[in-house]
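The residues making up each chain are set out below.
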Amino acid sequence: MATQAAENPTTAPDAVVVRFAGDSGDGMQLTGGQFTLSTALAGNDLATFPDFPAEIRAPQGTLFGVSAFQINFGSREINTAGDAPDVLVAMNPAALKVNIAALKPGGLVIIDTGEFTKRNLDKAKYDVSPLDDGSLAKWDVLAFDISALTIEAVKPFGLGNKDALRSKNMWTLGLALWMFDRDRGPIEDWLKAKFKNKPEIADANIAALNAGHAYGETAELSGPLHKVHIDPVKSEPGLYRTITGAEAISLGLVAGAQLAELPMFFGGYPITPASAILHHLARLKEFGVTTFQAEDEIAAICASIGASYAGQLGVTSSSGPGIALKTEAMGLAIMTELPLVIVNSQRGGPSTGLPTKTEQSDLYQAVYGRNGDAPMPVVSCRSPGDAFECAIEACRIAVEYMTPVMLLTDGYIANAAEPWKVPDPAGYEPFPAKFLTEKNGEELLPYKRDGKGARPWIKPGTPDLMHRIGGIEKAVDTGHIDYAPDNHQAMTDARVAKVLGVKVPDQEIDLGEAGGKLAVVGWGSTYGPIHQAVNRARRKGLDVSQIHVRHIWPLPGNLGELLKSYDHVLVPEMNTGQFKTVLRDQYLVDAQPLTKTSGQPFAIAELEDAIGKYFDDIPGNEGGEVAVNEAQLPSPELDA
Amino acid sequence: MNAPVKIETTLKDWETDQEVRWCPGCGDYAILKAVQRTLPQLGADPSNTVFISGIGCSSRFPYYMETYGFHTIHGRAPAIATGVKLANPDLDIWLVTGDGDGLSIGGNHMMHVLRRNVNMQIMLFNNEIYGLTKGQASPTSREGTKSPSTPIGSYDRPANPCAFALGSGARFVGRGFDVSKNLPDVLKAAHAHQGAAFIEIFQNCIVYNKDVFEDFAAPKGAGDRQLWLTHGEPMLFGDPKTGFDKGIALDRDKMALTVVDVADGDWEAAGVLVHDATNRPMAHLLVEMPFGPFPMALGVIYDDPAPTFEAAVIEERSRASAGKEANLAKLLGKGQTWTVDPSEGHPTD
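Chains as they are written, first to last, in this note's numbering: chain F, 1 to 640; chain P, 1 to 349.
Just so you know, the hints here were simulated from the structure itself, not pulled from any lab data.
Take the hints with a grain of salt, since some may be wrong.
[To be verified] Okay, the calculated bits of chain F under chain P, using three or more residues with CB under 8 Å as the criterion:
id, region
1, 28-37
2, 248-255
3, 285-298
4, 323-332
5, 423-437
6, 451-464
7, 516-525
All residues carry an ideal CB built from backbone N, CA and C; glycine is no exception.
Using the sequences plus the hints, can you model the full thing?
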């Protein structure tokens, strides 16, 4: 970018990717978050990718302690955090080592030389300083002593060196704000609010911010740094804010409970990356929300089931390992046919796996992962903003069909931010919960189903409707214990039919049209890179369409026919091909997997390569050949 | 929470039409009857009463009670009951569990429901064996218990349910046994207690662990082997025909309880303790009192109410909500926002 601007100062790029990288104690996530806010306020579209270690404070200066925050912003629609950064800010040698390979050739790297000590170079496993050995030759390097400049800037506030250096991230942010022609006002306001009780710290940070900003002017005269202005994106009129997936799910759950006219009970247990939802909801008590931090994952779901039994909207949330613990209780909710929303913020697995990295590998767990024939609707979010809609949808299905519902999100969506057009709650159709208040027959029939297959919701405390429910198989209608063969057959069938009968909207085509050579079918957080890749391919004239599925179970009624209208179906997933299996199973289509389990989202280029391989007959196309019906699609070098 | 309205019922009103499926002669029958006898005396309302259980023989209990009932999953009843109580604190909740359900697979939940002090009655039927799975040793089985899983005798040391409850922070600990005529009084005291009330009920599994409590529960010689505790009364026991001739005293040097003889009914002279159900250290000594050298401590061992969890949750919610408006539209548009004017905005492609 910087070089582009230098070569042709009259043309501003329509999008820029910036990555801030430093030690996990350097405040890179904070820097990224504030830069995101300023970007949103400047009217650019954006997507972010926070990528941080699982350790709270990994040993300083080490390679595994590097924390990074990438943002892609532009004057056009942005769907991903961007493949390769145009600008890399490296706060220490380890951050440089881990991130430099990703930087675009010709990109700009800003380096704090104050951290390039022998000791830090050793920790980053550099024998020779990369500043001296010419290894950075293919990039524009702006290396200077940010540490010293920060200490100088905050000197008037009488802080010790250690405290002074904590403002380094604000100095860097100031420089970034200068580079992209941003207003410092909102950041200053935020610093004043954050350090309300320590005004000297707020002032020191603001001084660092201003010093970084001022430095931009100086550096522009002497080096590769140039001010770039990115125009606001043209977007739908309305009120906007930035939102992360965890925020959007919390707000969507609150909205869902309101639309159901129910108080919400949220049972949770701390786990990365799901805890943020518990934290958000704990601050929304005025919306009739009870949050309960349980003794374990099992108690969290069980208390939520208890609350649903007593007439509230039970919600529980976790990540893969915690979801595994909740599994038996999900079976109880399926058997007792009580509404419940289970949010799964997926992360890399199995076992503890990669707590802070993203993956989509809990799809089998969501769709198939319970003992017995235990059908459960599954909804998946594609982006932070979409998570709001999906949370409402999950609440709707749970309440209308008296069933637990799993809402799949992932670590990437949970932490990533994007601009969000604030919706009007009045625009959503309410789905008020109905409770049985008198007998529904000569005797009470707790398992008498309505037209949708749902049983009545009967709150304990309702006069004269005493009845017993539980995990043992129940007789049709009466709900009494019944192990009889015909009865179990009938009840199994009824549970399956109810879930398969959940009304879900027909599948829409996100890009392209029905029929044609290739459909790229995705679900969840791969939406952004798939959308961009398909968009680019279509601009090249390739006959490729994008289909992105929200309703994983039951699948949209028209999906099978739709998939069969294409010659090829490609399913990119951040797992080893789980949705591909479901599609093959349900429709006998030759869905081909494109898989990635590196803990990192797909890059657009990876998907473009995979798409290109289906169009090897087009002159000039570099893609390789793919034999139809081959079990495995040759996938590009994903982890290179 | 509303004060419960007293309802007139009879034992019959609490019976369901479901066939009771415990083994003939099982101690559970006697407990069921004791509960069904007690509830009318409490003026309890079947519509407002919920029996919640886990898994095991004891956990079939809700099916036989004409109330609301939830037969849940193994060990998790305390967690489910916590959710029910938080969602509707007006409900009167009885938890039914066993030594395996409540102390083994569900031990963690038992600890937390007690320390949180969620208002409910917790009946732990202790038969020192896994009954429904056909007789394996349980966490309360005595050392040397022979069972299919411990053919030459168990070697893990048993847990003491009442000591566990106290250690977890329980504010009410009571003990009874299935066929005891005093069991309803313990249940009534537990019901009157605001908070989690833990009642260990020794229950005779006549198939897999027959008469294991016979040494103190048998009617013959019961006076010498049972110490029924009443708040404000001396800790006396012995043959009722000849008058209570023994009592429990404190050996102050050893900080331990001791059995003393009482001559001519002069228990004060013998140094017999007066039961103070609010004395927590004493409760610890009483539940740890080994049977054999001592009688079995029964009745209301500890009863000292503390604020309940649900009251704290309600209080926190109202404090957190004070002065705040539940306006969803405002919530969605909170924080730093910007507006795209219709003049500059275009739909994205």
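These are the hints, each one checked on the structure:
{"no.": "1", "hint": "28-37", "in the structure": "violated (count 1)"}
{"no.": "2", "hint": "248-255", "in the structure": "holds (count 3)"}
{"no.": "3", "hint": "285-298", "in the structure": "holds (count 10)"}
{"no.": "4", "hint": "323-332", "in the structure": "holds (count 4)"}
{"no.": "5", "hint": "423-437", "in the structure": "holds (count 4)"}
{"no.": "6", "hint": "451-464", "in the structure": "holds (count 6)"}
{"no.": "7", "hint": "516-525", "in the structure": "violated (count 0)"}
The structure shown violates the earlier hints numbered 1, 7.
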